[in-house]
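With chain U held as given, fit chains V, H, A, R and S onto it using these hints.
Protein chains in written order, with the working numbering: chain U, 1 to 196; chain V, 1 to 196; chain H, 1 to 196; chain A, 1 to 196; chain R, 1 to 196; chain S, 1 to 196.
Since the hints were derived computationally from the structure, they do not count as laboratory data. Do not rely on the hints blindly, as some may be mistaken.
Now the in silico label distances, taken between C-beta atoms and shown as ranges [said to hold, decoys possible]:
# : chain 1 : residue 1 : chain 2 : residue 2 : range
1 : V       : Asp-140   : A       : Pro-10    : 53 to 61 Å
2 : S       : Lys-62    : V       : Ser-64    : 55 to 63 Å
3 : H       : Glu-155   : A       : Lys-101   : 37 to 45 Å
4 : V       : Glu-27    : A       : Ala-142   : 44 to 52 Å
5 : S       : Lys-62    : U       : Arg-22    : 52 to 60 Å
6 : V       : Val-191   : A       : Asp-16    : 51 to 59 Å
7 : R       : Pro-18    : S       : Ser-66    : 20 to 28 Å
8 : V       : Ser-64    : S       : Lys-3     : 51 to 59 Å
9 : U       : Asp-2     : S       : Asp-2     : 44 to 52 Å
Chain U regions said to be covered by chain V (calculated; three or more residues, Cβ under 8 Å) [said to hold, decoys possible]:
#  : region
10 : 42–55
11 : 136–148
Glycine included, each C-beta is placed from N, C-alpha and C at the ideal position.
One-letter residues, chain by chain:
Protein chains: 6
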Amino acid sequence: MDKPPISRYPVPALQDLPEDLRARILEVQEKAGFVPNVFLALAHRPAEWRAFMAYHDALLLKDSGSLSKGEREMIIVATSAANHCLYCVVAHGAILRVYEKKPLIAEQIAVNPQKADISPRQRAMLAFAMKVCDESHRVDEADFELLRGHGFDDEDIWDIGAITAFFGLSNRMANLSAMRPNDEFYLLGRVPRNKT
Amino acid sequence: MDKPPISRYPVPALQDLPEDLRARILEVQEKAGFVPNVFLALAHRPAEWRAFMAYHDALLLKDSGSLSKGEREMIIVATSAANHCLYCVVAHGAILRVYEKKPLIAEQIAVNPQKADISPRQRAMLAFAMKVCDESHRVDEADFELLRGHGFDDEDIWDIGAITAFFGLSNRMANLSAMRPNDEFYLLGRVPRNKT
Amino acid sequence: MDKPPISRYPVPALQDLPEDLRARILEVQEKAGFVPNVFLALAHRPAEWRAFMAYHDALLLKDSGSLSKGEREMIIVATSAANHCLYCVVAHGAILRVYEKKPLIAEQIAVNPQKADISPRQRAMLAFAMKVCDESHRVDEADFELLRGHGFDDEDIWDIGAITAFFGLSNRMANLSAMRPNDEFYLLGRVPRNKT
Amino acid sequence: MDKPPISRYPVPALQDLPEDLRARILEVQEKAGFVPNVFLALAHRPAEWRAFMAYHDALLLKDSGSLSKGEREMIIVATSAANHCLYCVVAHGAILRVYEKKPLIAEQIAVNPQKADISPRQRAMLAFAMKVCDESHRVDEADFELLRGHGFDDEDIWDIGAITAFFGLSNRMANLSAMRPNDEFYLLGRVPRNKT
Amino acid sequence: MDKPPISRYPVPALQDLPEDLRARILEVQEKAGFVPNVFLALAHRPAEWRAFMAYHDALLLKDSGSLSKGEREMIIVATSAANHCLYCVVAHGAILRVYEKKPLIAEQIAVNPQKADISPRQRAMLAFAMKVCDESHRVDEADFELLRGHGFDDEDIWDIGAITAFFGLSNRMANLSAMRPNDEFYLLGRVPRNKT
Amino acid sequence: MDKPPISRYPVPALQDLPEDLRARILEVQEKAGFVPNVFLALAHRPAEWRAFMAYHDALLLKDSGSLSKGEREMIIVATSAANHCLYCVVAHGAILRVYEKKPLIAEQIAVNPQKADISPRQRAMLAFAMKVCDESHRVDEADFELLRGHGFDDEDIWDIGAITAFFGLSNRMANLSAMRPNDEFYLLGRVPRNKT
Numbered sequence: 001m002d003k004p005p006i007s008r009y010p011v012p013a014l015q016d017l018p019e020d021l022r023a024r025i026l027e028v029q030e031k032a033g034f035v036p037n038v039f040l041a042l043a044h045r046p047a048e049w050r051a052f053m054a055y056h057d058a059l060l061l062k063d064s065g066s067l068s069k070g071e072r073e074m075i076i077v078a079t080s081a082a083n084h085c086l087y088c089v090v091a092h093g094a095i096l097r098v099y100e101k102k103p104l105i106a107e108q109i110a111v112n113p114q115k116a117d118i119s120p121r122q123r124a125m126l127a128f129a130m131k132v133c134d135e136s137h138r139v140d141e142a143d144f145e146l147l148r149g150h151g152f153d154d155e156d157i158w159d160i161g162a163i164t165a166f167f168g169l170s171n172r173m174a175n176l177s178a179m180r181p182n183d184e185f186y187l188l189g190r191v192p193r194n195k196t
Numbered sequence: 001m002d003k004p005p006i007s008r009y010p011v012p013a014l015q016d017l018p019e020d021l022r023a024r025i026l027e028v029q030e031k032a033g034f035v036p037n038v039f040l041a042l043a044h045r046p047a048e049w050r051a052f053m054a055y056h057d058a059l060l061l062k063d064s065g066s067l068s069k070g071e072r073e074m075i076i077v078a079t080s081a082a083n084h085c086l087y088c089v090v091a092h093g094a095i096l097r098v099y100e101k102k103p104l105i106a107e108q109i110a111v112n113p114q115k116a117d118i119s120p121r122q123r124a125m126l127a128f129a130m131k132v133c134d135e136s137h138r139v140d141e142a143d144f145e146l147l148r149g150h151g152f153d154d155e156d157i158w159d160i161g162a163i164t165a166f167f168g169l170s171n172r173m174a175n176l177s178a179m180r181p182n183d184e185f186y187l188l189g190r191v192p193r194n195k196t
Numbered sequence: 001m002d003k004p005p006i007s008r009y010p011v012p013a014l015q016d017l018p019e020d021l022r023a024r025i026l027e028v029q030e031k032a033g034f035v036p037n038v039f040l041a042l043a044h045r046p047a048e049w050r051a052f053m054a055y056h057d058a059l060l061l062k063d064s065g066s067l068s069k070g071e072r073e074m075i076i077v078a079t080s081a082a083n084h085c086l087y088c089v090v091a092h093g094a095i096l097r098v099y100e101k102k103p104l105i106a107e108q109i110a111v112n113p114q115k116a117d118i119s120p121r122q123r124a125m126l127a128f129a130m131k132v133c134d135e136s137h138r139v140d141e142a143d144f145e146l147l148r149g150h151g152f153d154d155e156d157i158w159d160i161g162a163i164t165a166f167f168g169l170s171n172r173m174a175n176l177s178a179m180r181p182n183d184e185f186y187l188l189g190r191v192p193r194n195k196t
Numbered sequence: 001m002d003k004p005p006i007s008r009y010p011v012p013a014l015q016d017l018p019e020d021l022r023a024r025i026l027e028v029q030e031k032a033g034f035v036p037n038v039f040l041a042l043a044h045r046p047a048e049w050r051a052f053m054a055y056h057d058a059l060l061l062k063d064s065g066s067l068s069k070g071e072r073e074m075i076i077v078a079t080s081a082a083n084h085c086l087y088c089v090v091a092h093g094a095i096l097r098v099y100e101k102k103p104l105i106a107e108q109i110a111v112n113p114q115k116a117d118i119s120p121r122q123r124a125m126l127a128f129a130m131k132v133c134d135e136s137h138r139v140d141e142a143d144f145e146l147l148r149g150h151g152f153d154d155e156d157i158w159d160i161g162a163i164t165a166f167f168g169l170s171n172r173m174a175n176l177s178a179m180r181p182n183d184e185f186y187l188l189g190r191v192p193r194n195k196t
Numbered sequence: 001m002d003k004p005p006i007s008r009y010p011v012p013a014l015q016d017l018p019e020d021l022r023a024r025i026l027e028v029q030e031k032a033g034f035v036p037n038v039f040l041a042l043a044h045r046p047a048e049w050r051a052f053m054a055y056h057d058a059l060l061l062k063d064s065g066s067l068s069k070g071e072r073e074m075i076i077v078a079t080s081a082a083n084h085c086l087y088c089v090v091a092h093g094a095i096l097r098v099y100e101k102k103p104l105i106a107e108q109i110a111v112n113p114q115k116a117d118i119s120p121r122q123r124a125m126l127a128f129a130m131k132v133c134d135e136s137h138r139v140d141e142a143d144f145e146l147l148r149g150h151g152f153d154d155e156d157i158w159d160i161g162a163i164t165a166f167f168g169l170s171n172r173m174a175n176l177s178a179m180r181p182n183d184e185f186y187l188l189g190r191v192p193r194n195k196t
Numbered sequence: 001m002d003k004p005p006i007s008r009y010p011v012p013a014l015q016d017l018p019e020d021l022r023a024r025i026l027e028v029q030e031k032a033g034f035v036p037n038v039f040l041a042l043a044h045r046p047a048e049w050r051a052f053m054a055y056h057d058a059l060l061l062k063d064s065g066s067l068s069k070g071e072r073e074m075i076i077v078a079t080s081a082a083n084h085c086l087y088c089v090v091a092h093g094a095i096l097r098v099y100e101k102k103p104l105i106a107e108q109i110a111v112n113p114q115k116a117d118i119s120p121r122q123r124a125m126l127a128f129a130m131k132v133c134d135e136s137h138r139v140d141e142a143d144f145e146l147l148r149g150h151g152f153d154d155e156d157i158w159d160i161g162a163i164t165a166f167f168g169l170s171n172r173m174a175n176l177s178a179m180r181p182n183d184e185f186y187l188l189g190r191v192p193r194n195k196t
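If we strip away everything but chain U, and leave its shape as in the complex, we get (with noise of 0.2 Å):
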């Protein structure tokens, strides 16, 4: 059976794209092994596309605040399931599972953030990327009040929110555009690597 199309749009062969483009992708197949079907299916819009990968490296890359890499996957997976977005359960959940060597933690999020194995913290923590995604227009200085007690600061705070809002759009376009995660992701991170 012939594979499904990886999107509804048009997706350019590597060699077709700006060098940029080209660059930056080859750079992850060789971390990842292969090329997460998001950084083809976007790249339909070379300059959509870099402001998008700008914005994504701004918020999980960055090296200052409190919130582990892990802890940023799990924001990312929760929201993402709110917003019935595949390929971001799916590959997130994957990133997910390997940064927080929890095989368990990506169906348990994304089915019920109440019942996952995580700490109290992060419970406040999805409980907010939760709200700032369904109503964030009720956010208020009450949750700003909770999650200080928790030990976030307000630049966690904006961190939280942000990566929630950047995974809204991300998971909009997915969406939109039929985007379909990779085969590999949903292995990855399930089996201890010396075992397989």
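Below, chains V, H, A, R and S without anything else, positioned relative to chain U:
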């Protein structure tokens, strides 16, 4: 009475900003007569600011496609109202009035797109934008067919969806930071230029 | 271009109206400088018109109670926005601006009462109005206690609830009849009188 | 055990009421055998009482139009159940049973109009009433077309919408004041008169 | 007029049923004076019928725990109303009236549990049942604490949740099959026995 | 680290269980290699356990009807995800992967049935299941017609609805008791047997 702050977060002074941010801000001020607060409030995070503006420009300044500049603003106003984002409803409501030269259109679209004085094509465009805004996972081929029947091609549909997705991010950042629209926006485009 | 009709239903000419309707309409015209369309659109049914105006006057023209005229308009704007009623948001938004002498307040309250430049007491008043608007069956003693803590007595609470209830009726009639706000309302109260 | 109060607010004694209220109340008592609590509970505010009754009579006592008296009560019961208003479901459920001479119809319509023993025309009527009740801003020309196909003219459609709108007000006032239905209503119309 | 069918599906004749089903049905008929339609409608699938009745009996006929028989019926009526299940609201509303000897209680609980003439303990019980009915994934330790404060132990809480869960199944089967309540239920428990 | 408990309620030891429960549990263990936690967690109440398993077997082990075993699991996964039930999404997701021999299908259906790699017939089946899950009172003849057009007969439709209804019960019991899926389920069916 003191003016309320334009953001819950610290707002950098113009002279403390990186050169590229300052240049863009001065350019906008030159053109508009004032600096829209979003340029200052988001400057709290220069890397995110740059990505945000690049995305904004890619979607709103591009010349291709069949969506007029006014139609793009209609999408922003309709979906920002659904997200209860005061900044975007007020700021882009102003821009919409100016582009369309219709002083009543912003409130019409913000309160109920169905009752606005717009064309059936624009009504279909806004209905799709609202679907991407509220339940993007239900977008399917039938939506594309419907829009094609109104003369939109698939690139236009990407534009509608992407503008909605981007302002979904923008709305959440504005709500998170309690971003305040400039007073100037409220009156802009309501009175024919030669009358004031 | 022809002006769109102000109602989906036939609108009687002034000279065809019963004397009491005509007298009131002329009085309003005298005072406001134009006839708000609700007076004409509902005149399609004189008996209902009379009851509507009597109810309106009982709630909005009375002198007793601690709710200012501006506060009553805040309730109308907030709940009419929740009901997506263009007529009431635009017409009462104008009246609100005039009463409060605050040109920004109508959009603030229509888009997100939490972010409006109002007092904590007014915020509590609007939260209760929204509860009566959206889920009146959940109103309970705790709501009364909360409002009493802000200085409202039980008669004030009846006023808040009754204004909300009456405009719930009004919003539905305006939406049913596709009632169109007068163009004049959009600009009213935005510019200090001596400036125009 | 003491009877619970019929309202959260003070209920005036009959002798303390303005003459016109007392006259109407005595007339109702004469006819029904008891005074429905709404007449007493709303008498807390005579001016509003008068407007309420005038509106009520204009919609429910009028002879024109194709809606039978039973059909008007169907609308009231269906929308009052959606608004979780005990007073109106119980009181108008009783009147509905009496008018239609169908002892089962009130529960059927309150719980699920789709499953009630009513005609397709009545089902369409209630579907429209529910739309006016829950999302009146989505009412459009297609709804009118559908109802016309069932033999309703535009005046009938106004009636359906106006009854829904008026009881939306009534439901909110009853919920606000914790209005209690008279015990008599619960049994009314359940047993053929000659059997009891 | 022909009686409407009691199910969208074929209803087996008593003589065609397996012996155990027939025996139970005759026993119920003996006791109640008529056969509640659920026994006949579900008999379309004998294996499911047996499991259904076993579950029902395990929850409703057991003697242990602090929930009275009337309280169990309150749970059924409140959650079945939320699920818009006519069969269960009418049939169990009747049983509730009989057990509690309160002719008004079924409508009170079906329309708005908050306004019913029940104890604070029963109100907390129904609030929890509604949570299990509508958003069981949000049940957490705080709910258990609250109920313990009203004197429920953890086995009682299981009972509340399990009755809600079982009637969630029952409501869906009744809605799927368009199950019709027996006419007898509507009047049951409304009039003191010695008066009829 | 200690394993978290599999239920908020006490879990009986195998040797303390009634003989019939123990026998079934040992049989399952023999077949699956481990005991799914639902068998142990629900054993807290043997009478309910028996009814639960009888219902389960009547729906899932029967040979008649056109629904394949994999399709029944699709229904369970889709509706359990809507109910945010971690146990059922994970456990039945595993069974679904095994039956369908499709390692990606569980996440696809849990996150967004519209985007799953399934047939149009299966998509219609899941749309109906979701309707029974979320708003069973709206099920009507048109739904039956639609499903018949996809080759389902009325017995199949009963099966779809009954599986949905039964897992609605199961989801609520799992959420009530904080039932934890066995770790084994997460990986099951993801890798072809001969590869591990």
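Broken hints, by number: Violated: none.
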